[in-house]
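Working from the sequences, and respecting the hints, build out all of it.
Read off the chains here:
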Amino acid sequence: MNVSVSSRGGLDLRQLVGAGAAACLQGAGYPIPEVVLSAVPCSGGFVARTGHDEFLVAADEAPQLSAASPPWCFQRSDHLIELTGPDWAQALTAVCPHDLRALGGDAWLMATVAGVDVWLRTGPDSSGGLLIGCDPSYGHYLETTLREVVSETESLKQ
Amino acid sequence: MPFRCSDAGSREWIDRSRRIEFSFEGRRYSAHPGDTITSALLANGVVVLGRSFKYHRPRGAFSLANHDINALFSTAEDTNIRGDVTPVEDGMALEAVNVRGTAARDKDRYLDWFGRFMPVGFYYKAFHRPKALFPWFEKAIRQRAGLGTVDTYWRPRRRPKRYAHCDVLVIGAGPSGMTAALEAAEAGLEVLLVDENPHIGGSLDYQWPLDTAEAACPSLAERVAAHSGITVQTKALAVAYYAGQWVPVATDEGIIKVCARGIVVATGLLEQPPICRNNDRPGVLLASGAQRLLRRFGVAPCQRAVVLTANAEGYQAALDLQYAGVEVAAVAALTEAGADSEAAAALTEAGVPRLAHHALYQVHGDNTVTGARLGPIDGSDADAQDYDCDGVIVSTGWAPAAHLLHEAGGKVRYDTELAMHVPSSWPASVVPAGRVNGAFTLAQQTADAVNAARRLVAALTGATVPAVEDWRDHQPHSAEWPIVRHSRAREFVDLDEDLQLKDLEQAAREGFDNIELMKRFSTVGMGPSQGKHSNINAIRILAASNGQGMDATGSTTARPMYHPVRMEDLAGRRFRPQRYTPIHDRHVALSGCLFEAGPWLRVGHYGDEASADDCVAAEVNTVRNGVGLIDVSTLGKIEVVGPDAARLLEGTYTARMANAKVGATRYALMVDDTGVIIDDGVVGRLAEDHYYLTAGSGHAAATARTLKRHAVEWGLDAHVVDRTGQLGALNLAGPLSRSVLARVSDMPLDEASFPYLNIRETRLCGYPVRLLRAGFVGELAFEIHMPAAGMGAVWDALMRAGADAGIAPFGVDAQRILRLEKGHIIVGQDTDGLTTPFDAGMSWAVHLKKPFFKGRGALAHLKGKSPKRLVAFALPTGYEGPLPRECHLAIRDGDIVGRVTSIARSPTLGRPIGLAMIERGLVEDDALLTLRVDNGQYITAERVRAPFYDPDGERQRVASEEVNS
Amino acid sequence: MKHIDCPGIGPRPIVEFIYDGEVRPPAPEDASLEVLADRVFNRSGAPGVLREWWYHRPTGSWYVLERDTVTNEIQRAVDPEEVAYAIPML
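Residue numbers (our numbering), protein chains in the order written: chain A, 1 to 158; chain B, 1 to 965; chain C, 1 to 90.
Don't take each hint at face value.
[Said to hold, decoys possible] With the C-beta cut set under 7 Å, the calculated list includes, among others, these residues of chain A facing chain C:
{"hint": "1", "residue": "Pro97"}
{"hint": "2", "residue": "Met110"}
{"hint": "3", "residue": "Ala111"}
{"hint": "4", "residue": "Thr112"}
{"hint": "5", "residue": "Asp117"}
[What the hints assert, rightly or not] A few chain A residues facing chain C, derived, Cβ under 8 Å:
{"hint": "6", "residue": "Leu37"}
{"hint": "7", "residue": "Thr50"}
{"hint": "8", "residue": "Gly51"}
Read the hints as simulated data drawn from the structure, not as lab findings. From the three backbone atoms N, C-alpha and C, an ideal C-beta is built for every residue, glycine too.
Set out below in structure tokens:
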């Protein structure tokens, strides 16, 4: 079993809502996912379209967007967990009913993992790993649970 | 191991090169790795393996197919271990279940003679009179009936479940399952092949002439193992089918919940026994059970056998026994079927007597089989002849293991040609294949499996689905009536529940003549094997009793799970999401006593648990006289933005929101369609099109969800963003709070610039924050909302800035007392599922002048008709008697007139204070309240006016139209 | 685990949803007590195709789905505009 769990820092997250959100992002030089509930890569992170005019932007540096209305821009403090190694999908079978092997590269999924609502993001090559973001208050629980699951899955396969 | 054959079969499961030791009832035996408990004991000549449920009759091995519920064992750790399938382990110390003494000499064996006093349904009939004796009977019956004894010091374990996905799940790795798996995998689909046995092969292991099986199996098994599109999971029992094509598969590592786009049910057949007197004696074995013993474990079930058959499989079993060195005394042929088989011819050639049209009349032997009486089918006892033997091998019929197909919506019908049930319809994505579908020969099974797999593949890939080909056999493999009555009964239909032929006939006579009623009344099929060897015979008996056909008689419903599953597997992992506030580590460092408030971990008070009351009182005093700081991050925190934001809140809350000025807050009360309070909070207006609001800790998600639904339902252009966990919040409270906050904030905080009940946006410690002048605890207070990432910095800065002012953190316990002193309610504590704003004395928060808000209709009707009212009460200063508790009752003239909703000793007032919900009629009349406290004691409390503390709100500098109105 | 095949987000495990009952027209203004009580407390419960409110937690969005309560089949997602009604304001 080749998978490891780690906290991930260094990404600045912003949530953009309201009419004109897409235009505002485009104006700031960000790529826009055409389809709702999909994501495209951008400078070290991604832009995910979470609704018709709702976006989640994750980047190395905080996007310089006007906080005035509309659109409204809110800082996010999501707890980020990185699963690395090709067996991450196998490890998550203990906590998630979704068929995560089918995710593919550059995927975006908002789902429930271990009873907590999260978003899942794969890189260009889905076998490389997975980034999980959840509400910061659930971060400790989710990370602890994932570490448990990974160590259990490892002992299973021995 | 005297019964171990000298010749090792090619598909044996045991490793003859190694030996392991185990004990049964204190005696030591040896076995080979790969043996099951039952095969190991039989190899050592131990035949009596357990005692039956009700009559304590000796019982032994029967099927070797995971439903031998009379051969259950216990160890020090576990009980009801199925000996027929559980591998024996080195050093295992086994005991029989349901015996006093040993299985062979059970002290309760006399119960067999009392059988006639225990007729069917006797539980329902007996022991009702005299009533006083019932407990005695109950105890005696409970001691003697049953299976293994549960260790009540058992420690709960959980085995995590896993999910798995595949295109095609093939259940059963016999010839049909393996063929279907290969066919589907060749079509490019991802296949999961599961089988309950430790090896794949199914009936190829044991049931076919050696050369036939050898020719078929290695090539099939090797191709399956080598195919990259097939994952094989052995020791994996598919136990149920659930909607959405979910199949839980029980494995040694816990349950795997498999979601499959298509399912091939290649579960084969369950052999069905004949019924005659003493057909339950140890030594009577199903032919397939005998063959499993022989080929998988190299164990001969007996030395001299009588075989009863109604099919070619029985002749093959007899031939296998003879080949293994067992003397076959006679083969009784119940029907003509199989008489023309190669095996039958070989037996005749070997000089084995064949008795055509003969039935098994009874089995002899007190403890184990010593003989069998065979006689003509239509004859009587006088025509019968006794044969000495130590084994009776029976092969009289089959039933499809179609449970999963049933659960998936499939149907079966009785096929008179096969004298067996066969699937008649099934969903396109759940298909039967092989013997479960009535295909008997290897050629039929293979062809049927190929056809089934092709149909399934076509259905999954959207191709044209080929027609169903009929590969069923056209000669019977089951006897229509494998039952011989005996004048002295003891013809067993259900070995789990000790039910005899006469029991079922009596049940039918008593009116339980429907198969479902008969099952419930007689308990046939309700034992651990769930009728796998008794249902078909029960249906035959009822059909005969009712004079109707098999299909007209029907069958009982197969429900998930169709095989017992361990509780620890069902329990799985426990998911209990827990939420930490952003400064959880600081609470821990400050010795905060944490408690669970829903998913949140919150601080009750800081300091020693033992001196909790003193700590809480000190925290209350700090807030009243100095300054305290509490983490209120659990508050719901929701942004509502957009052109219709005001309209959305106006329609959701009872008070006016649209006319709030930018920078102002309003108390917000939410009711449901019935007018009952469901949440409260504060709504602050940050801009014309931007509101920020709080909700109760337990109701935050629901409030955000409700707002979102209203936006959709009312067609509003407004966005709702739930930031509850994203933001942290602190409440800095107390007379010194303003001066402490001023040290870290450069915003003007004076009353004129930032009045009570206002909201401002500013920055603290470099973070964007929102300040709210709130009044929950009844002192000058500032609620500070900020990104979770900034909470630590702001908390530390305030604690430093307030150090010389004596700042101290306070917990939820102190906060609850502070708010009670102020007379503020907590929704869900002082209100319940029937409390309206009028009951809670909050009509000031309801603006019926608005043409619409959620619940307005109900409240308009309820106004002035409120049946109850929340009132305040207090006990005398220095009161030392018993303190009422929440939900203690208010009593008047012996009747219940209300209940306490909040109670606390007020450190500020020096007396216990509380709130109670009482009947409306009493509100004006009674100055005293009689409360019934613990131990039925009554105490009298004085009705007082709320707030108890600072009734004019001087300390908060109240200047709000809502509170005054 | 049961799945809901929700148009727009695809098949999803049912634990991701919160059910919020049948879509019902707004109560008539100034309804009599009888009419109002009937509306607030009574549901027909008859089997058939229902329009229902379903909230998908991970995406935080509401769906109005037409579901056959006999077969449990989701027939279609209803455009929210079909069920929306305007509320009066002061």
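Contradicted hints - numbers only: Nothing - there is no hint that the structure violates, so all of them hold.
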